[in-house]
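Can you build the whole structure from these sequences, using the hints too?
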Amino acid sequence: MLTDLNLSLFLAYKSITKGNKGTLVLTIFIMSLIFVNLVFTASIFLGLGNTVNNQVINTLYGNIAVEPKKDEKYISDVHSLEQKINSVPGVTGISSQYVIGAAFSYKDKSGAWAIRSINPDDEKTVTIIHNFMIDGEYLSKLDTDEIILGKEIPGGYGGDLEHLSLGGVKIGESVDVLFNNGVKRSYRVKGVFDVNFQQSNNLAYISQNEMESVLGFNDKASLILIKTGETGNEEIYIKKFLELGIKEEIKPWTVYAAMVKNITKSFDMIALLIAVIGLFVASVTIFIIIYVNTISKRRQIGILRAIGIKENIIIQSYIFQAMFYAISGTIIGLFIMFFILEPWFIEHPLKFPVGYVSLLIVPEKVSINTISLIAAALAAGLIPSWMAVRETILEAIWGD
Amino acid sequence: MVDDLTSNIGNKNEILLGIRNLTRIYTMGKVRVPALNNVTFNIKRGEFAAIMGKSGSGKSTLLHQLGLLDIPTSGEINIGGIDILKLSESQKAKFRLERFGYVFQEYALLPELTALENVFLPAMARGRKKEDYLKTGTKALEQVGLGARLHHRPREMSGGEQQRVAIARALINDPDILFADEPTANLDSSSTRQILELFQKLNRELGLTVLMVTHEPEDRKYVSRVIWLKDGELVEKEGIPGAGNLQIAKD
Ligand SMILES: Nc1ncnc2c1ncn2[C@@H]1O[C@H](COP(=O)(O)OP(=O)(O)O)[C@@H](O)[C@H]1O
Ligand SMILES: [Mg+2]
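Taken in order, these protein sequences are the chains called X and F. Under the working numbering, the residue at position 167 of the first sequence is numbered 167, and the numbers go up by one with no gaps. One gets the working numbering by counting positions in the second sequence from 1 and adding 1000 to each.
Keep in mind the hints are simulated off the structure, nothing from the lab. Incorrect hints may appear among the rest.
Once the Cα atoms are required to be at most 20 Å apart in a straight line, the calculated SDA-like pairs of lysine to any residue come out as [stated by the list, open to error]:
no., chain 1, residue 1, chain 2, residue 2
1, F, K1092, X, T392
2, F, K1129, X, T3
3, X, K109, X, N180
4, X, K107, X, K14
5, X, K124, X, K14
6, F, K1092, X, E173
7, X, K14, F, R1126
To give an idea of the interface, some chain X residues facing chain F are shown, with a C-beta separation under 8 Å as derived from the structure [to be verified]:
no., residue
8, L9
9, K14
10, G308
11, W344
Backbone N, C-alpha and C fix where the C-beta goes; we use that ideal spot for every residue, glycine too.
Below is the structure:
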């Protein structure tokens, strides 16, 4: 057994080191491209999902959001609730909002959008919208007759849904707003933001003071956004909030992400499909390389068998060769991923409708791809060499 | 080891291969080609026998059957009381590795290996220790006059040298018999002489049994016996090499 292994390793080693260098380099190059293709597609789709997640957290809901109790329209005693939440270590920001639907009109154009009201100083501790003003300025606490709009609303800022916009509102111009409760107001557009995420760019913001005057009450909220120091431990925080006796509905960002993530679900399918196809291509490529190899060495294989070398040794030597190609390709592929592509994408993220996407290389995915590629190489090395030792010795040596 | 072959001289009249009613019929579609027809004879230990006959007379076919490279249609090949044709494929492979040596018409070396590596491969396959097969391989190459070519690759050697490497490879596992199918067909006359003299030397000095297919009538002078084939049937003529007056003898 050890003798067999020794000999097949020896034959594989000689074949690789003393065989055609061009073929060797090309084969490993192809293997590394296949590996990069597998990991790259997985990573770009993971990156896409990651971007959506970050957008949900950073521009819509924070890490955790509190909603009114079932059957209630608003959260009450917001002030004391905020204090409870703030008492939990690791909470880095809280922003209470009213959210209300409204009909906007400007000249002959109109449309319906949601308006959120904020205390800008609180909001800045949770969301990043203030960093993405593309025109005018962000809201300040004392603004009462001013509004800021996501880029889909005013028109003229290159929104995805330009045809539904107000058709070109400029900074400083007024829009008429009819709130769902029947109150009608006029607001001067103070700024326009673009966070590269359509859901967020469809929102308008006014100040908390203004909203309370529209609604006629205070110390209530539709939504309390909570930002935590790290992402991923939401359940632990939620448990702590529950322990503090908070009776309102508490939801992690993942619940909201699932709602906007129907797109990324189909991405997962596409990613899986591409991975399967990529792996299939990898198997076929290794198969062809080993097949051509065994065909060109047909006589040699016959001679080896004639002089009494066991067929298993010959098959093993081709499997070792295939594994060598796959492992070398993987190593070079990893190098390309981590030292070339990943840094490049960090510098130059791709602009998608959901925001800027860069590669998210997940170790588990990389391991799965590595194992799959090596397994594919195993099969692709086994089959042609097994086929090669099937024919008779005489055919192998003298056949045509 | 090559040295051990001298021990074979002792049992010179022992029958090494007992071939009984050996027949090989090739079928190509509906056509049946009886390449070997009911051949019966013995090969004694220490013989240097040539298989001769016209092209297509079945020489290679006979050698392939004896060397366990093909499966005869019927017949027996006895070695030490057992019919080796009844062995399983893997037992046959073991037999070929441990007890037979082969030299083919083409040099049949692995191009990626050096002369020494080509030679020690069968010893490695037997599980012999590294220092052992390195030493034996070197000795075998010295024996065929290639002590200075140990680390040359096949393409760096002449045809005659490559064929001598193949002979050294055939010798390394100390075989009972060496099979050679027209080993000099591709060589010039001086290389041919070298190879045949080498076989003669291995046969005379070490007692190696050699069975060689050749179509060159003048090769007779090197061998101790000629096995004539005609249309797949045996026409055995025994005689002293070069004497000219060959007798017909049935086994
Ligand atoms: N694989 C094969 N299939 C069919 N016929 C074959 C095959 N090998 C040899 N033959 C036929 O068998 C006969 C003997 O061939 P062979 O043993 O090669 O002759 P030699 O070596 O004496 O020239 C020839 O008629 C040849 O055409
Ligand atoms: Mg022939």
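Find the hints from earlier in the document that the structure breaks and name them by number, from lowest to highest.
4, 5, 6, 8, 11
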